[in-house]
Amino acid sequence: MAQPVTTVTTSGPTPVAPPGAPRRGSGRGRSTSWLIRISVLVFTIVAWWLVTELKLIRPLYLPGPGAVWHAFVQANSDHQVAPGVNRIVRGAQNYYLWEHLVASLQRIAVGVGAAIVVGIPLGLMMSTVKWIGIVTEPYLNFLRSLPPLGYIGLLIVWFGIGDTSKIWLLFLAAFPPITMATISGVRGVREDQVNAVLSLGASRRQALTSVTIPATLPEVLNGIRVAVGFAWTTVVAAELNNGIPGIGGLAYLSGTQLQTPLTIACIIVIGVAAVALDGIIKLLETVLVPWRGKA
Amino acid sequence: MSHDQAVEIEGLRHYFNVRGSLVHAIDRIDMTIEAGQFVCLAGPSGCGKTTLLRLLAGFMRPSEGTITVGGERVRRPSAERGVVFQQPMLYPWLNVRKNVELGPKLRGVGAKERRAEAERYLTMVGLSDFGDRRPYELSGGMQQRCQIARVLTNDPDIVLMDEPFGALDALTRERLQNELLDIWRATGKTILFITHSVDEAVFLGSRVLVMSPRPGRVVLDEPALFSEPGEQIAAERIRAMPEYNRLRERVRQAIQETPTAAAATG
Ligand SMILES: Nc1ncnc2c1ncn2[C@@H]1O[C@H](COP(=O)(O)OP(=O)(O)OP(=O)(O)O)[C@@H](O)[C@H]1O
Ligand SMILES: [Mg+2]
Chain R
98 MAQPVTTVTT SGPTPVAPPG APRRGSGRGR STSWLIRISV LVFTIVAWWL VTELKLIRPL
158 YLPGPGAVWH AFVQANSDHQ VAPGVNRIVR GAQNYYLWEH LVASLQRIAV GVGAAIVVGI
218 PLGLMMSTVK WIGIVTEPYL NFLRSLPPLG YIGLLIVWFG IGDTSKIWLL FLAAFPPITM
278 ATISGVRGVR EDQVNAVLSL GASRRQALTS VTIPATLPEV LNGIRVAVGF AWTTVVAAEL
338 NNGIPGIGGL AYLSGTQLQT PLTIACIIVI GVAAVALDGI IKLLETVLVP WRGKA
Chain Z
-9 MSHDQAVEIE GLRHYFNVRG SLVHAIDRID MTIEAGQFVC LAGPSGCGKT TLLRLLAGFM
51 RPSEGTITVG GERVRRPSAE RGVVFQQPML YPWLNVRKNV ELGPKLRGVG AKERRAEAER
111 YLTMVGLSDF GDRRPYELSG GMQQRCQIAR VLTNDPDIVL MDEPFGALDA LTRERLQNEL
171 LDIWRATGKT ILFITHSVDE AVFLGSRVLV MSPRPGRVVL DEPALFSEPG EQIAAERIRA
231 MPEYNRLRER VRQAIQETPT AAAATG
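Here the protein sequences line up with chains R and Z, keeping their order.
Mind the numbering: the first sequence is residues 98 to 392 in the working numbering, read in order.
Mind the numbering: the second sequence is residues -9 to 256 in the working numbering, read in order.
For reference, chain Z alone in the conformation it holds in the complex (with noise of 0.2 Å):
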């Protein structure tokens, strides 16, 4: 595994314009995120976690500072970082393999080639039966495991995920942390992961940050239990121990001394 760094956050700021008025979005942000690390992103409603995370995939500037993926500054979107969106963004007119393939398919990969990979995360998601219906005929929680297929189909080296797992019963919602972990541990992708759950938060990743709104800063930023991809325990003892108990702690309590907590414990 080598350590160099994917993503580095300088000096970031961002504001947005309401209506004449400036809203202080991200206060200062100054990070590094070494390739291949999990990062798990928690926060209340409204402290800039997807601001943060349109601004790592290009879709906007920041107002200050800078951000350098692999060196290189980011300007626009980007094949190598894939987005998984808290709306799902699919495409009505497409059904939902042909959504799952778009990304090769726009990279001129054989149809061949992309079904056979479409097919693998299609299954993986467990929509291998819907891949002829259209998006609009499934579900809130099916919506966004096609998404997840179609982000993880196209190969990212970072893949930049907005609460995936928020509209997944408990069930879907541990077997697809656990294909996420297989996926990270198999390919050692870079993986920054919004989340409302503070479990999730500390269980899933091998670095947790928390922010903190108006105006968004990083207020915690801590190893998880396991910060190698290849470490692999049982979710049973995991949470039987008790450096996970004390670091849930500090990170619940990092979540609930931001003003407004109420929204945020979950």
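The following block holds chain R by itself, in its conformation from the complex (with noise of 0.2 Å):
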């Protein structure tokens, strides 16, 4: 696999680096280590088919990753409702399983959107003006401890079984480490930055906007993505009411209906979507924040 180190390839995988270039990351590291996940991956899925194949769990409590797939393109088609049957329907739950998925993003977008709107001026305010702050972080402190388990009733009370209250529940989910990330990230703005243009001629609401928010922004953006993730996390909670269509409102009707290989395959749905969120949100960091974690 010895590469040779004279020949500068415009289109191989791995080009070498002029010495001083910058480096993201070394190139051999991360396709090993991509071979290593990807290795890992389809051992867990050998591992899956031999124990279900084996009969050693009943496919009720653990579909083979065959039956799983079959159920993934059903929810993704127009199928017979079982064999034989010559009645068609339109998905799962009369939904496509990507409008399901699509129906999930949009309460997560809504829901996540509406917490960086409040999140981010409100941790501004608790963070620069005393009172404000003072009066405020218990409140903050306590809806943030709060499971959305626990409220999503009172939500559906006050704002209906519709959209409406499952926003709300992602929201109010979403804007305290929103919040609380901008409130640190402000207190960890160092002093003599602030100092420095207050020095260059910079008024208190000037150092305010060239200093003090771009200065937060790494911790700001690092909210955003705990804020996402926790909202994945509440979204099944959120749609275990009236949640169709929606991914976590799918996994978990078909379990109740004892469809296993469909709720497995909207977990591992969920799953890939976070992590591909994840994933955007991060490269949104390298491109907005360079300069994290070196000055």
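For the record, the hints were derived by calculation from the structure and aren't laboratory data.
Hints are not guaranteed to be accurate.
[Unchecked claim] Here are some chain R residues pointing at chain Z (derived, C-beta under 8 Å): (1) Gln177; (2) Ser296; (3) Leu297.
[Claimed, not checked] Chain R is nowhere near these chain Z residues, computed Cβ spacing over 10 Å in every case: (4) Arg3; (5) Trp83; (6) Glu190; (7) Glu247.
Glycine is no exception: its CB is placed at the ideal position from the N, C-alpha and C atoms.
Could you use the hints to bring the two separately framed chains together as a complex?
Have a look at this one:
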């Protein structure tokens, strides 16, 4: 596998960087870690397949990979209600699986979006205006420590069983981490960074917009990442009641109807979507705050 | 050259509250710095040099006494008192050029004008090729030079510099010393220059101060060899002069007599 160092290929997988050129992680280290990950994944699936194929566990408890894949394909297409029955139905619960996913993603987007719009200014106010911080911090800590399942019932009473109560739930789960991150970001801004800009002639307001806020950005983005993670774990709770379409609702409903292959397919889809979304936010971090951890 | 008082320090004392106990950082400083003076401040580590500079900058209020600049009490930082920090305070979300332009930008100076000014000082500190880099992509000494360019671009009347050349190699250091002297001669700015180097303290400015630690006091205050910006003599000739060596010896003595002398000679 030795690569001749002298030939510089433009499309090679690991181009040899000239000394001193910026390197984003080691290319070789990255490809080995992917190799390991993929091997582990393959191994897991084979082990899963073996366990079910050898009938070590009843299929109702743990269906095999084939059954899950079949459920996944069926849920994304028009198919017969049951083999031999001539009635055609659409996906699962009248929506394709991807439509369930999109419905949940939309709720998360609106809930987290509202949490960003409210959470960041709130965090800025709490950390820069002393009395606002003193008054609101206990409530924020209180809200933060509540499990979402505890108050979903109340939200349904207040906002009805439709989408409004679900979005409220996601919002309430997502905004405390964003606000807390903003506060800790502002408190972490080095005093002399602000002093420096004031000595350059900045007003208090200019110091806020040109130093405090950008200096807080890495923490805020991290808070948003945490909030999105929270929103995923909350989305199933949000969709327990009247959650169709919704990937969380479908996972729950199919479980109660003993369609375990579909439940597992939903779980895998939720997991993959959550990891992918997290990856996108991480990517956004490297673009927006390239200085993170360096200054 | 006008000789109005730029900085007036009266009965200055400063204490830090460190977990309930008071640290006496500055005991009693009374002094006047005239407009256009280039004051070099030396003294062993921990004697209160940075504390004095931060009080002058307006980053904190003195525990006792007053500081006035141009007849007005110092209460907060201001663009007329530029600060070169001991540790470079550059903004990683801005590239080097935008860091340097920041002061004029905040004052609403047009893009073209401030770019020209920034370019001038970036060239002076030898960073004209690094304008598009981010500060964390520069070496420590380069960051320090970038910080100096940023303060000079903002054109303050008073420049407060905290060991600005500490992280530089001898050659760069000498070049920047000369550039700083040129700027001082050309503009008549008032400069407070903190240094650990006895040589730099004696050679560079128009007045030398030495502080002693715990509590911080001024123990030596003498005019340097050349107290007017107009006088310009080659460095080698200055170093060969007996007056230079005598002053150098007095400054060294003053620093050594202070309790924690070992750390200070340099
Ligand atoms: N923020 C602070 N809180 C508590 N004590 C402080 C603080 N800043 C400085 N001190 C104390 O005040 C004294 C003077 O510190 P200062 O930073 O002014 O020294 P310095 O002369 O600049 O030293 P150096 O040459 O090492 O930079 C020291 O004893 C230090 O411990
Ligand atoms: Mg210091």
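Non-interface claim for Glu190 of chain Z, where every Cβ of chain R lies beyond 10 Å: The claim holds: Glu190 of chain Z sits with its nearest Cβ about 23 Å from chain R, beyond 10 Å.
Closest CB of chain R to the CB of Glu247 of chain Z still more than 10 Å away: Holds, because the least Cβ-Cβ distance between Glu247 of chain Z and chain R comes to about 32 Å, which exceeds 10 Å.
Cβ separation check - Arg3 of chain Z to all of chain R, threshold 10 Å: Arg3 of chain Z clear of chain R: closest Cβ-Cβ about 21 Å, beyond 10 Å.
Minimum Cβ-Cβ distance from Trp83 of chain Z to chain R exceeds 10 Å: Given a closest Cβ separation of 4 Å, the condition is violated.
Hint check: 8 Å Cβ-Cβ cutoff, Ser296 of chain R to chain Z: holds (4 Å)
Leu297 of chain R as chain Z interface residue, shortest Cβ-Cβ below 8 Å: Holds, about 4 Å.
Hint check, Gln177 of chain R versus chain Z [nearest Cβ-Cβ separation less than 8 Å]: violated (58 Å)
In summary, the numbered hints that this structure violates are 1, 5.
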